[in-house]
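Fit chain B to the given chain A structure using the hints.
Residue numbers (numbering that gives the first Met the number 0), protein chains in the order written: chain A, 0 to 127; chain B, 0 to 446.
Simulated from the structure, these hints should not be mistaken for laboratory data.
Bear in mind that the values here come from a model prediction, so they are computed numbers and not experimental data.
Just so it is clear, CB atoms sit at the ideal spot from N, CA and C, and this is done for glycine as well.
It cannot be assumed that every hint is accurate.
Stated by the list, open to error - Straight-line Cα separation of at most 30 Å, DSSO-like style, residue types lysine-lysine; simulated pairs:
id, chain 1, residue 1, chain 2, residue 2
1, B, Lys90, A, Lys61
2, A, Lys84, B, Lys359
3, B, Lys151, A, Lys9
4, A, Lys73, B, Lys90
Claimed, not checked - In silico contact screen, one side only, chain B against chain A (beta carbon under 10 Å); selected entries:
id, residue
5, Lys151
6, Arg287
7, Leu310
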Amino acid sequence: MYPKELRYSKEHEWAKVEGKRVRVGITKFAADRLSDVVYVELPQVGAEVAFMQPFGVVESVKAVSDLYAPVSGKVIEVNRAVAEKPEMINTDPYGEAWMIVIEPRNLSELDRLLDAAAYAALVGEGTS
Amino acid sequence: MKYIPTTPPERDRMLRTIGVRNVEDLFRDIPEEVRLTRDLDLPAAMADPDLLAHMRRLAERNTDCDRLACFLGAGAYDHFTPSTVPHLALKPEFLTAYTPYQAEMMQGELQAIYEYQSMMCELTAMDVANASMYDGASATGEAASMAADLTKRGEVLLSTALHPEYRQVLRTFTSHLPITVRDVPAVDGVTSLAAARAAVTDDTAALVIQSPNFFGCIEDGEALARTVHDRGALLIVAISDPVSLGLLRPPGEYGADIVTGEGQPLGNALNFGGPYLGIIATRDASVRRLPGRLVGRTVDTEGRPGYVLTLQTREQHIRRARATSNICTNEALNALIAAVHLATLGRQGIQHMADLCARKAHYARSAIASVPGYRIAFPSPTFNEFVVRCPVPPVEINRRLLEHGILGGLPLDQFYPELADCWLVCVTERRTREEIDRLAGQLEALR
Numbered sequence: 000m001y002p003k004e005l006r007y008s009k010e011h012e013w014a015k016v017e018g019k020r021v022r023v024g025i026t027k028f029a030a031d032r033l034s035d036v037v038y039v040e041l042p043q044v045g046a047e048v049a050f051m052q053p054f055g056v057v058e059s060v061k062a063v064s065d066l067y068a069p070v071s072g073k074v075i076e077v078n079r080a081v082a083e084k085p086e087m088i089n090t091d092p093y094g095e096a097w098m099i100v101i102e103p104r105n106l107s108e109l110d111r112l113l114d115a116a117a118y119a120a121l122v123g124e125g126t127s
Numbered sequence: 000m001k002y003i004p005t006t007p008p009e010r011d012r013m014l015r016t017i018g019v020r021n022v023e024d025l026f027r028d029i030p031e032e033v034r035l036t037r038d039l040d041l042p043a044a045m046a047d048p049d050l051l052a053h054m055r056r057l058a059e060r061n062t063d064c065d066r067l068a069c070f071l072g073a074g075a076y077d078h079f080t081p082s083t084v085p086h087l088a089l090k091p092e093f094l095t096a097y098t099p100y101q102a103e104m105m106q107g108e109l110q111a112i113y114e115y116q117s118m119m120c121e122l123t124a125m126d127v128a129n130a131s132m133y134d135g136a137s138a139t140g141e142a143a144s145m146a147a148d149l150t151k152r153g154e155v156l157l158s159t160a161l162h163p164e165y166r167q168v169l170r171t172f173t174s175h176l177p178i179t180v181r182d183v184p185a186v187d188g189v190t191s192l193a194a195a196r197a198a199v200t201d202d203t204a205a206l207v208i209q210s211p212n213f214f215g216c217i218e219d220g221e222a223l224a225r226t227v228h229d230r231g232a233l234l235i236v237a238i239s240d241p242v243s244l245g246l247l248r249p250p251g252e253y254g255a256d257i258v259t260g261e262g263q264p265l266g267n268a269l270n271f272g273g274p275y276l277g278i279i280a281t282r283d284a285s286v287r288r289l290p291g292r293l294v295g296r297t298v299d300t301e302g303r304p305g306y307v308l309t310l311q312t313r314e315q316h317i318r319r320a321r322a323t324s325n326i327c328t329n330e331a332l333n334a335l336i337a338a339v340h341l342a343t344l345g346r347q348g349i350q351h352m353a354d355l356c357a358r359k360a361h362y363a364r365s366a367i368a369s370v371p372g373y374r375i376a377f378p379s380p381t382f383n384e385f386v387v388r389c390p391v392p393p394v395e396i397n398r399r400l401l402e403h404g405i406l407g408g409l410p411l412d413q414f415y416p417e418l419a420d421c422w423l424v425c426v427t428e429r430r431t432r433e434e435i436d437r438l439a440g441q442l443e444a445l446r
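Chain A with its partners taken away, still in its complex shape (with noise of 0.2 Å):
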């Protein structure tokens, strides 16, 4: 349910660290909290993010959330695929339905995220 190698914010996004690069989707646990997705809102490529500030918009057929930027920084690419076909955010939310990449300002904001094992325990679930 929650891969070992992202971190986790609070609101519900993950977090990877892919060299100078960090890129974000939602959990699994939001995408089945939120149901069928039908849209996704996100930012142009060059916009600035920050930490816990909102960057984009998911809805869908129950509710409407922000997302939240695990990092501040700038973002260098978004995933036009997933604004087209938001469903993918339900069938594979850490692969296919990353939504953007940022350039991270500082990349030791990400140890205020949590872990896996923190993520589990605090939708209440254990490790898988």
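Okay, now just chain B, sitting in the frame of chain A:
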């Protein structure tokens, strides 16, 4: 019959329950010195027939556009309303269901709104229109913040040929938002293309124009659209009389990104200035930034067509502080009236109505221009309004005309000091040749 919902014993019980002695106790937090300690100074109650006669006498002190020949427009238009409109729109099923509270229970109301939205899209040549806003001015204000939101830019340009009251409302709407508003001047009655080109920057969210504009002149919307689009800004077009779209090219065809408008001219009475009907329409791509309610057509579990409120995640009850707008209601009855009106007129009907407006206005324009001392202020093509330069102060002209049963045009000095001798005249299909000739005759007499 007393219009008091509770009996004295019931009230005593309620007071005892909450632990106070009498109703006065409920007001004891209000300082004595600001409380009214005597009864209201009202005349004795009238018997029902006397009261009706009294109210009728008061009402007769008003006048209206059935008794006067109205040449006043400037944002509110005296068009003919077919009898089907009040007959259908004021049916109690519609009248009491003035806004969809239990939305999906009210399929008829939702269908009517859906049809209204569809008609607004057809009229403006846009993809999606909402269930209505308060009026043309507030719809235009909403469009400005929508444009800033869509473009993530902070500046909105207003043509000074946009209705001055729309500009005021827009400034009020944006005064507590991170949006700055700047004017783009009109030259010879139309928005200056050169000034627009010079004003638009990389921080410009939108240029707002009106066409036909406040002076009645038809703008070169296509050129203005190109100018703003070149810098990544949007074009907002306000339509103050949608009847014009029966004849003129719709804004969606010349590059408008958001169209707003005043729906009053579509079957709604002048109503002393309100309630009116705000129109707002946009492109599919911008639908999630559209303010207000939106009715969608869908199918139920058995495949039958039905109507729902849709995309509600834009709205406050779901989106809270991050909703697209503060509006959380609509003008459903006024929208219904507009829909019944347009359905009654039909495609040919609105074209015919628009054609009559244009022909009669042009007849009046020539008749007034041929009176010595009067001349048409601006050379641009016009629809049903035009500006006249007068040899006598327009306020004085109006005073004299009213004595002869004519409601004159709008003196422009209150909004444009530099146009102190200018008079904005409107001619709808309701004006007869006799009335227009009578207007020209009176002008001849008082120059």
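Exercise. Looking back at the hints listed earlier, which ones does the structure fail to meet?
Worked result: Result: hints 1, 2 and 4 break, sorted rising.
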